[in-house]
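Colleague: These protein sequence lines are chains A and B, in that order. Numbering-wise (my numbering), the first sequence opens with residue 6 and increments by one. Numbering-wise (my numbering), the second sequence opens with residue 427 and increments by one.
Don't read these hints as lab results, they were simulated from the structure. From the three backbone atoms N, C-alpha and C, an ideal C-beta is built for every residue, glycine too. Don't take every hint at face value.
[What the hints assert, rightly or not] Here are a few chain B residues that face chain A, going by a calculated C-beta distance under 7 Å: (1) Glu631; (2) Glu634; (3) Ala635; (4) Asp639; (5) Gly640; (6) Tyr641; (7) Pro653.
[Claimed, not checked] Simulated pairs of lysine to aspartate or glutamate, EDC-like, Cα-Cα distance not exceeding 16 Å: (8) B:Lys563 / A:Glu58; (9) A:Lys208 / A:Asp225; (10) A:Lys158 / A:Glu71; (11) B:Lys563 / A:Glu17; (12) A:Lys99 / A:Glu121; (13) A:Lys30 / A:Glu71.
[Stated by the list, open to error] Which chain A residues stay away from chain B? Per the calculated CB distances, all over 12 Å, these: (14) Asp33; (15) Glu121; (16) Leu132; (17) Glu180; (18) Arg182; (19) Gly221; (20) Pro270; (21) Pro275; (22) Ser292; (23) Ile312; (24) Asn319; (25) Ser328; (26) Arg359.
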Amino acid sequence: MAEIVINNLRKEFGSFTAVRSSSFKIEDGEFFMLLGPSGCGKTTTLRMIAGLELPTSGEIYIDGEEVSRKPASERDIAFVFQMFALYPHMNVRKNISYPLISQGMPRAAVRAKVAEVARILGIEGILDRPVGGLSGGDRQRVALGRAIVRDPKAFMMDEPLGALDAEFREHMAEELRALHDRMGATTVYVTHDQLEAMQMGDKIVVMNHGVIEQFGAPQDIYDKPATMFVADFIGSPAMNFLHFHGAVEQGATSVKLHHQALPMPEAREPFDGDLVYGIRPEHVRLSDAAPYRGKVLAAEYLGTTQIVTLDTPNGTLKARIASDQPARAGEAVGLDFNGATVTLFDNQSGRALRSDLNEGVLSHG
Amino acid sequence: MSDYSVTEPSLRQKWVAGALVVTYALITILPLIWILTTGFKTPTDAISYPPKVIFEPSLEGYVNLFTTRTRVSPEALAALPPPETWYEEIVRNRDMVIAGPSRYGERFLNSIIIGFGSTFLSIFLGTLAAYAFSRFKVPLKDDLLFFILSTRMMPPIAVAIPIFLMFRTLGLSDTHLGMILLYTAVNISLAVWLLKGFIDEIPREYEEAALIDGYTRFQAFRKVVLPQAATGIASTAIFCLIFAWNEYAFAVLLTSGTAQTAPPFIPTIIGVGGQDWPAVAAGASLFLLPVMIFTILLRKHLLRGITFGAVRK
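All chains should be built: construct the whole structure from the sequences, respecting the hints.
Modeller: Given below as structure tokens:
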């Protein structure tokens with residue numbers, strides 16, 4: 006197992022820059038998520054770590070060794086492809102043994118190792134079947150088997166659950182995480198699904214347009230987004246953005262929106278200009294007494310909670326409230342905000358302003 | 427409810443479709459049947475009018491195909507000892523004796539060497555080139571591919587004279603190597619284009635998986651890409667072989683003695699002892715066999731969809 010360090014990694018395809026100067030560190034044994042919308046450079050980053058793509062510049066250290074110019078076959082990592090890429094002309098057993106055969110492992114040892122892996126993944130029964138007729142889940146397990154059979158330094162996974170049905174994906178995600186916990190293998194996992202990233206990852210890197218927007222533990226990224234992009238991308242529904250023009254003083258604990266003072270964590274940097282008041286839907290409460298008012302536009306029932314869409318003087322806002330609380334369309338209600346969770350953003354750059362809440366987490370640039 | 431169904435054709439539709447298919451099959455197979463039957467006719471039956479559909483089969487055509495014969499006077503014929511073999515008897519019935527074997531066997535062998543040799547070379551070079559065009563960043567890739575294809579944009583015979591002169595200068599005229607190189611040069615553009623299409627269809631992930639599994643690029647190509655491309659290679663090989671096997675114009679122009687293939691040889695049979703249509707037909711019938719066998723052998727590759735289900739699209 007190994008720690009992976011990425012230093013100023015950059016990749017250009019002709020005039021298009023897929024990854025701009027990324028730097029981050031993946032600790033030994035970590036389940037590490039590369040998250041972002043399609044085309045953000047996450048898969049390119051993963052492929053550069055694996056050695057399937059040569060970086061334009063920058064360094065990649067696996068276990069302290071600089072490998073960015075080495076061929077994939079010499080990096081001792083395993084890769085699970087979105088489409089599984091099982092060798093179609095071989096049966097399950099041959100697929101799983103293939104990486105061992107390349108190392109010249111003796112036949113008996115290969116058999117034993119494949120049997121062990123098959124037991125871990127629960128696929129002993131299908132070892133002699135051709136891969137063509139397998140179900141999605143079994144193919145996924147065979148792909149995982151081919152990856153873990155070699156005991157590589159690290160696993161790269163490129164949206165490995167993307168090709169599965171929604172129902173089965175949930176199950177497979179748990180299986181994957183359990184497998185990781187048992188083996189303690191450093192895993193780099195690419196996904197565009199923020200729920201998957203939050204559910205499985207020890208750490209998440211959020212990327213957009215080839216740039217790393219934020220890097221941290223799932224909860225930090227959710228509660229203390231560093232940019233408006235992260236705040237918007239993570240969470241469903243996304244963080245609410247109330248746009249306003251105003252000034253924040255150093256040490257202020259509230260801002261004025263539409264003549265009302267709304268609470269916020271103590272500001273650690275002054276700012277004057279176009280601002281965004283960011284608050285998660287679950288931190289908004291409907292309260293008749295509150296002076297900041299909004300009008301209910303719609304309510305979506307979700308079982309235990311409901312999502313209420315409101316029209317406010319500073320834009321549309323969604324609140325997640327208990328489903329037994331009445332919210333009728335057309336009704337005007339007061340809105341109460343949990344100030345400790347609020348993040349203020351500079352609307353121009355999209356960057357979060359430093360406050361008591363996020364000071365420990367933010368690292369701009 | 428009416429008996430109309432979107433998915434199931436009606437009985438009448440099936441009958442009409444069946445009749446059309448059978449008619450078409452008959453039309454296309456008729457020349458073939460004509461050649462095959464003519465090979466077993468006597469020269470008289472072969473040119474009788476109206477054509478004989480029912481006839482007494484004879485092996486005279488095949489005997490004439492493989493032998494050269496000389497006419498002898500009835501007296502000399504009577505003086506000979508009785509014929510020892512059935513084919514001698516057939517020849518003597520025509521007041522002739524066998525002078526020796528014909529060159530058909532030799533020409534047939536030439537066709538096999540040149541046809542299969544050039545097919546192998548076209549596929550070997552074509553697969554490597556197609557893989558490179560499919561997977562690597564080749565400078566001026568599109569121009570090169572167009573340039574390769576442009577060699578097919580005129581009839582090859584249009585360049586016959588330059589090739590004839592080149593071959594004479596290089597000493598390639600009437601050699602097996604010369605003909606193999608020539609047919610390879612003509613076929614390789616087709617091979618590169620067809621095979622590039624097939625290789626493009628193979629997901630790169632297979633090779634990438636093999637690279638990660640510790641194999642070199644060439645091992646990945648050989649063990650993962652080639653088995654996947656088998657279908658494409660088989661069908662391309664059939665096309666290349668059919669071209670090289672049937673090619674007539676260059677063969678007439680560039681070969682005469684040692685490296686002559688069967689196509690230019692077969693018509694020369696006509697001149698030997700009258701218009702011997704059965705012998706020509708026999709030569710043509712036998713000439714069909716190798717390509718037919720080759721196609722039947724490779725047919726299972728053409729039909730087998732081995733990539734089915736291994737990659738989820």
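Colleague: Work down the list of hints and note, for each, if the structure agrees.
Modeller: Outcome of the hint check:
1. Glu631: For Glu631 (chain B), the interface hint holds, since the closest Cβ of chain A sits about 4 Å away, which is under 7 Å.
2. Glu634: 5 Å, holds
3. Ala635: Since chain A brings a Cβ to about 4 Å from Ala635 (chain B), closer than 7 Å, the hint holds.
4. Asp639: 4 Å, holds
5. Gly640: This interface hint holds because 4 Å falls under the 7 Å limit.
6. Tyr641: 5 Å, holds
7. Pro653: With a minimum Cβ separation of about 4 Å from chain A (threshold 7 Å), the hint on Pro653 (chain B) holds.
8. B:Lys563 / A:Glu58: 13 Å, holds
9. A:Lys208 / A:Asp225: Status holds; Cα separation ~10 Å.
10. A:Lys158 / A:Glu71: 14 Å, holds
11. B:Lys563 / A:Glu17: 15 Å, holds
12. A:Lys99 / A:Glu121: Given that 16 Å is the threshold and the Cα spacing comes to 14 Å, the pair holds.
13. A:Lys30 / A:Glu71: 14 Å, holds
14. Asp33: 20 Å, holds
15. Glu121: With a cut-off of 12 Å, Glu121 (chain A) remains clear of chain B, as the shortest Cβ separation is near 18 Å.
16. Leu132: 16 Å, holds
17. Glu180: 18 Å, holds
18. Arg182: Answer for Arg182 (chain A): holds, closest chain B Cβ roughly 22 Å.
19. Gly221: Per Cβ check, Gly221 (chain A) is outside 12 Å of chain B; nearest 29 Å; holds.
20. Pro270: 46 Å, holds
21. Pro275: Answer for Pro275 (chain A): holds, closest chain B Cβ roughly 51 Å.
22. Ser292: 50 Å, holds
23. Ile312: 33 Å, holds
24. Asn319: Non-interface label stands for Asn319 (chain A): nearest chain B Cβ at 46 Å, farther than 12 Å.
25. Ser328: 38 Å, holds
26. Arg359: 42 Å, holds
In this structure, none of the earlier numbered hints is contradicted; all agree with it.
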